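Modelling step: build the complete structure from the supplied sequences, incorporating the hints.
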Amino acid sequence: MSAGTERGRFADVSIQEVIGWLLLAVVGLLVLDLVRQVLVGELPLGRLWAFTWNGIVDSLYIGLAAIGLSMTYSILRFANFSHGDLITTGAFTGWTAAYLVGGIGIAELSSRLLLRADGGAQPGAVGMDVVSAPIAIVLGLIVAAALTILVALAIDRLVYRKLRDASGITLLIASVGVALALRYIIALFYTTDTRGVVASSPQWETPAFVPIETINLHEATLVISALSLIVGVHLLLQYTKLGKSMRAMSDNKDLALITGIPTERVIFATWVIGAGLAGVAGYLIVLDRGQVTINLGWFLLLLIFAAVILGGIGSIYGALAGSLVIGLTINLSLVWIPSDLNEIAAFTLMIVVLIFRPDGLFKGVETA
Amino acid sequence: MSERDSRLPEPVSNAHDRLKALPQWQYDLLLIVGVVLATYGGFAVLGLLGGVGINSIVGFFRTVTFYAAVYALVVLALNLHWGYTGLFNIGVAGFMAVGVYTMAFLTAAPDATPAGLGLPIPIGIVGGMIAAGLVGLVAALPALRVRADYFAIVTLGLSEIIRLALLSGSLRSIEVGDTVYGTGGGSGIQYPPVDTIIPWLLERPVIGELGELLFEVGAAVGIQRSVILGGLYTAVLIAFVGLFYLFLSRIANSPYGRVLKAIREDELAAKSLGKNTDRAKIVAFVVGCSLMGLAGMLWMGSRSFVSPDSFMPIITFYIFVALIVGGAGSNTGSVIGGFAFAAFLWEGPRFVRSILNANLNLRSPPTIYDAFVELGSGDLTPLVGYLVGSLDELRFVLVGVVLILLMLWRPEGLLGHRKEIAAATDLSRRPSTPDRVAASDGGEPDE
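Protein sequences, first through last, are from chains A and B. The numbering used here numbers the first residue of the first sequence as 18 and each following residue consecutively. The numbering used here numbers the first residue of the second sequence as 1398 and each following residue consecutively.
Honestly, the hints are just simulated from the structure, not real lab data. Careful, some of the hints might be misleading.
Lysine-lysine pairs mimicking DSBU-like chemistry, simulated, CA-CA at most 30 Å apart [to be verified]:
1) A/LYS179 with A/LYS261
2) A/LYS270 with B/LYS1668
3) B/LYS1658 with B/LYS1668
4) A/LYS179 with A/LYS258
5) A/LYS270 with A/LYS179
6) B/LYS1658 with A/LYS179
According to the in silico footprint, chain A covers these stretches of chain B (three or more CB under 8 Å from chain A) [unchecked claim]:
7) 1543-1554
8) 1754-1767
Short derived list, chain A residues pointing at chain B, Cβ under 7 Å [to be verified]:
9) ALA134
10) ALA204
11) LEU244
12) GLU360
Since the model is a prediction, treat every value here as computed from it, not as a measurement. Ideal placement from N, C-alpha and C gives every residue a C-beta, glycine not left out.
Following this line, the structure appears as structure tokens:
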């Protein structure tokens, strides 16, 4: 976070810089206190590791979703409030596919098709975990990405394409409408009940030389899938022509147009990547948490926004770094505050960072 | 109040001309009353044709009027932020929560859990407004430094911080001496409802006599005392809508209001002309927030407790939908938008459901799968039954679709042409003619 202080302008020490220094001081004090707590023995190392690990897991799925949000923000130039519901779409469609395949011959079609809306098809009975039904789970992952992409493209065709030249706020308001409509169309089919859809995660007993005793295989699936997708996006953006066009468009749309970059194709690719990652994120969150609800994505949306803003809108690496900060904040803050205040810590951090560095920690592109 | 829209469809051009010649406030008032009466008339005809009892129609009107009034209050306050100043505040629910919780704390009985200060309700209301304004001030100072879309997310974040803090177990109960104060966590704070002010008012000299008269008339027609008391509270709300309207229109037409509009259109230009835009924005934000606090207190007025669940972020979006339906930047539009939201998007679908339930023998199958299975065997009613049964979900879809269609086809809303005259005198207006004098006394509307 030390990057936040070096601004190259020493002439005017503004209030923003004062707040920036204060924030750094607070973070520094907290780190010192963390060291003290560990040394004194107030905080067992195992607990610190658990917080950090949970923080990394949280930041991975937040990061997957944040990439898409950041891309739509920089290329389509609006804050997409329906991004959270793309996550929900991925969760429901993916797990429906997993149930349809994994539950053949075990559960009723109606329970599988509506993802246990009628209470049938217990996850344990169907065997919904990565060891018992690996093919169904992987298939679900692919379907989650594919169907979310289709939904996003359909929405783009119906709504956003007609508003390409509208202001960011008009698009933002339209996206709120999309969010409401999409979420409650899902609810119309799947009902608003929260329900468990994943069997409890199988544990893998590690060999004796590894310091961690067991590995939660669902969490491991989440981490591996998310990391490989992030690396994939990185390679795509850095080494393909498409990636170069996307970066060009998020840097300067007009210049990109003049250079002959096909904007609609880039926007298409934006939705494919962004929505695909959002759908996968939703699917993996359910794999990790075990429960699905129509508010899954909506409740995560503000955290994802916080991550994107922290990193600086338009920068995908910034969004990932922001996700790491947010993920670690909501978990490591538990050292000092009770668990029902941890999101407050994350949102406060977002607001404070916005004040002292309106462009995010890692300068993003101007989108207004 | 130069909110006149020539695009309003008027069937008779003559009547239209006469209406247009009316003073602005009369025209707007007639417009609002006309919309309300036309809507009620339409629903009444629909209900009577659909075989809904007169009692449920009247009950429907009462609910709609109540929600229309409270939505109009918040929408008017939000219009000061978004419509006039261009501040995209999506933390409305949070500011309402601050107002209501402060009032609950000030007025709750000292021996309750969590305890309050036991002050009279008017002091609680003033305290709530001040608190909401102060939180607005704290939010405005940093938030105004960031861009419009960031501002939106900052305010949303703030409203979530407020709600989560009220919900959290850590602030649930705070012991000060022997008394336990606090937010009560998820179960909230018990406090005397605001509408107990009505019986108190009825004990005052003149109002009391008028009230007695009203009760006697009511008794003669056969309306119960409790129904009249409920109606009186709604009347108080409508009076507040009028006050908000006057106050905000006064602001909009003052030199200060012109600065606000200039900020909305082009802040840099306003700044270049030597206007202190930062101060103007902060004042507008604080005033709007404290009005939101007041609106929240009046909204929760007939409840005797407040809990964080009443302030989910979705509330903010309802208010935005209402504002956008009516048209941002128009106070008349805000009132009509609040009414249209309450009547058509919020309570209307329920009314339609009661008509359908009264006429069709509908049963709701447990899942949509069963409905489709029966549809496959040629029976449509289970699917209709399922859809009617999932009306709450469909209503959200409706709100979302309306929002999208408005953005696609009419982003300025019904009345939000957003071209209020910024000059002190309206240069485009015709000089007043004898016509106008004649019209102001004979301008009966065509209703």
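**OP:** Decide if the proposed pair is consistent with the structure: A/LYS179 and A/LYS258, CA atoms, cutoff 30 Å inclusive.
**Re:** holds, 27 Å
Original post:
Per the CB criterion, is A/ALA134 less than 7 Å away from chain B?
Top reply: holds, 5 Å
**OP:** Quickly compare the C-alpha distance for A/LYS270 and A/LYS179 to 30 Å and report which way the hint goes.
**Re:** holds, 18 Å
Subject >> A/ALA204 as chain B interface residue, shortest Cβ-Cβ below 7 Å >> reply: holds, 5 Å
**OP:** Closer than 8 Å, Cβ to Cβ, for at least three residues: run that test on the region 1543-1554 of chain B against chain A and report holds or violated.
**Re:** holds (count 10)
Original post:
For the pair supplied as a hint, A/LYS270 and B/LYS1668, is the alpha-carbon distance within the 30 Å limit?
Top reply: Measuring from Cα to Cα gives roughly 28 Å; hence the hint holds.
Original post:
Holds or violated: is there a CB of chain B closer than 7 Å to the CB of A/LEU244?
Top reply: violated, 28 Å
**OP:** Take the region 1754-1767 of chain B, compare each residue's beta carbon with every beta carbon of chain A, and decide whether three or more fall closer than 8 Å.
**Re:** Per the Cβ count (5), the hint holds.
Original post:
Keeping to a limit of 30 Å between CA atoms, is the pair of B/LYS1658 and B/LYS1668 held or broken?
Top reply: holds, 12 Å
Original post:
Does the structure keep A/LYS179 and A/LYS261 at a Cα separation of 30 Å or less?
Top reply: The given pair, whose Cα atoms are some 26 Å apart, holds under the 30 Å limit.
Original post:
Per the CB criterion, is A/GLU360 less than 7 Å away from chain B?
Top reply: A/GLU360 check passes; min Cβ-Cβ to chain B is 6 Å, inside 7 Å.
**OP:** Decide if the proposed pair is consistent with the structure: B/LYS1658 and A/LYS179, CA atoms, cutoff 30 Å inclusive.
**Re:** holds, 28 Å
Comparing the model with each numbered hint stated earlier shows that hint 11 is the single one that does not hold.
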